[in-house]
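> Got chain P; can you put chain C on it based on the hints?
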Amino acid sequence: MKPAKAKGKDKNKKVDPEIFRTVQRVIAHQLKSEPQRITLESHLQNDLGADSLDAMEILFGLEEAFGLKVPEEDARRIATVEDAVRYVTENVKK
Amino acid sequence: MDGHSGIRPISSFPTQGYRTTIAGEVSDFDASQFIDEKLRDNSERFTQFAIGATRLALEDSRLTLKKSEAGTGVVVGCGMGGLPFFEIQAGAYAKRGPGAIRPSSVPRVMPNVAGAQIATLWGVRGPNLTVSTACSSSNHSVGWALELIRSGRCQIVICGGTESLLSPITFGAFDSLRVMSNRNATPKKACRPFDKDRDGFVMGEGAVMFILEELEHARARKAPLYAEVAGYGSSNGRSNMLAPESDGRDASESMEAALRDAGVKPEDVDYIHAHGTATQMNDEAECRAIHRTFKAHAKKLVVSSTKPVTGHMLGAAGAMGILACVQAAQTGKVPATLNYETPDPACDLDFVSGRPRPRSVRVALSNAFAFGSNNATIVVKRKEESW
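First to last, the protein sequences are chains P and C. Residue numbering for the first sequence is -14 to 79, as defined by my numbering. Residue numbering for the second sequence is 4 to 390, as defined by my numbering.
It is worth saying that the hints were derived from the structure and are not from the lab. As the structure is a prediction and not an experimental result, all values here were calculated from the model. Every residue gets a Cβ at the ideal spot worked out from N, C-alpha and C, and that includes glycine. Careful: at least some of the hints might be erroneous.
Said to hold, decoys possible - Stretch-level coverage of chain C by chain P, calculated; a stretch enters the list once three of its residues show a Cβ under 8 Å from a Cβ in chain P:
hint : segment
1    : 31 to 41
2    : 321 to 327
Said to hold, decoys possible - Straight line, CA to CA, 35 Å or less: simulated DSBU-like cross-link-like pairs of lysine-lysine:
hint : chain 1 : residue 1 : chain 2 : residue 2
3    : C       : K336      : C       : K298
4    : C       : K69       : C       : K384
5    : C       : K303      : C       : K384
6    : C       : K192      : P       : K(-1)
7    : C       : K41       : P       : K54
8    : C       : K199      : C       : K268
9    : C       : K192      : C       : K302
10   : C       : K384      : C       : K268
11   : P       : K17       : C       : K41
12   : C       : K268      : C       : K386
13   : C       : K268      : C       : K303
14   : C       : K303      : C       : K191
15   : C       : K384      : C       : K192
16   : C       : K98       : P       : K17
17   : C       : K336      : C       : K302
18   : C       : K98       : C       : K41
19   : C       : K69       : P       : K17
20   : C       : K98       : P       : K54
Just chain P, same shape as in the assembly (with noise of 0.2 Å):
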């Protein structure tokens, strides 16, 4: 129960409106897709049907979007548009 908590607790975490634009425009310009579709839970792969070079280029979209630089152990943990809206709240700023 201890990490559904856990989870429950970062979500209501207040989500900045512009930047998950920003992540939703950066994905939906790689898949071509609505960006309605990519909601905060979308997964990447299995929801949006991004492959393994699609993931490669959101990740330099979003470099770009933000002016970051994602480390290696670091992109392999964004799976979800929430991921990726956290890392970039918690980065961008650094």
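Chain C alone, transformed into the frame defined by chain P:
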């Protein structure tokens, strides 16, 4: 075949400062006719051309490939792949460093991505080869497609060639070699194979793809049949990276190997679609080679080059020549060599010029010779009545 030249000033990039500013640019290609938006935005023009040509060939052949086709293969000729995209990455790197290089660069640039996308789109699970021997690439590709069918490895091979190199640095590399025509003011007159006043080739782009199929397999499914790919020969010259052997020996050996492979005598050949680039050296050496191989018959057969119409399609040039041979065999009309006006004593053969010439063509040869002294010849035979 009608002989309208598509050579005009380049519009893909600004040409100020280049010696040559004209090309056979494909101006009305809409990739979205053939592929979805995602693939369109993630692939290069040479890949898009190859996919488009493959789709048209499959439709024409009334061939619906089922998923998991193991007896089907793909062989694509391509000289330099997606270098234009690499140029864009080089520009981004120069401005912003290594972080600016797109991850999709490798699978966009590699020459075998055209064949890979074809196999992915149509579920081909058999062999998938890319032959990269510059301007002879697609004669080799059709030659190896023939080998795959003869050996029983495949019943069907999607084969041909593709190229698109009209970008500032890649085109500039050819420009600096001084091998292209400088007749920028008269683009349609610029490419003049075998003419005394020729001054180099004109670059083209595009793809030509065929469905090569084992005869009984094709007959069983009532496929439209056009001609037979009857033989393949190749050779290497020992001259240097850019010039053919001036006595034509290497090109002659390529034609002779192809004739032997097809079981055809030199005197049976009616038509040669020459490599005929309109460079000084190529055309002269090719004529010597034809004399070496065909001796007295050299002046009885007819020769032409369609490069003044399309430009030199490099990795797709051989396949374009094979297509000209197939059309000549099928229609009984040999395409003309546009701009052949002033005979050159060093090129003394019967060139079809002006307009297509009626001629019964039972056996035709397509020559393709490349930088690197790499030569390949394909023998095409007319469809038999008994098929």
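> K303 of chain C and K384 of chain C were given as a pair; does the straight-line alpha-carbon distance stay at or below 35 Å?
18 Å, holds
> Taking 35 Å as the top limit, are the C-alpha atoms of K384 of chain C and K192 of chain C close enough?
32 Å, holds
> Hint check: K98 of chain C vs K54 of chain P, CA-CA at most 35 Å. Holds or violated?
17 Å, holds
> Within 35 Å, alpha carbon to alpha carbon, are K336 of chain C and K302 of chain C?
18 Å, holds
> For the pair we were handed, K336 of chain C and K298 of chain C, check the Cα-Cα distance against 35 Å.
24 Å, holds
> Take a quick look at whether K268 of chain C and K303 of chain C sit within 35 Å of each other, Cα to Cα.
14 Å, holds
> Given the proposed pairing of K303 of chain C with K191 of chain C, does the C-alpha separation stay at or below 35 Å?
29 Å, holds
> Against the 35 Å threshold, does the CA-CA distance of K199 of chain C and K268 of chain C hold or violate the hint?
31 Å, holds
> Against chain P, does the segment 321 to 327 of chain C show at least 3 residues with beta-carbon separation below 8 Å?
This one is violated; 0 residues, fewer than the three required, reach chain P with a Cβ under 8 Å.
> At least three residues with a C-beta closer than 8 Å to a C-beta of chain P: is that true for the segment 31 to 41 of chain C?
Held - the segment 31 to 41 of chain C has 3 residues with a Cβ nearer than 8 Å to chain P, which meets the minimum of three.
> So if I understand the rule, the pair passes when the alpha-carbon distance is 35 Å or less; does K192 of chain C with K(-1) of chain P pass?
68 Å, violated
> For a C-alpha distance cap of 35 Å, please report whether K69 of chain C and K17 of chain P respect it.
The given pair, whose Cα atoms are some 27 Å apart, holds under the 35 Å limit.
Consistency note: the structure conflicts with the earlier hints numbered 2, 6.
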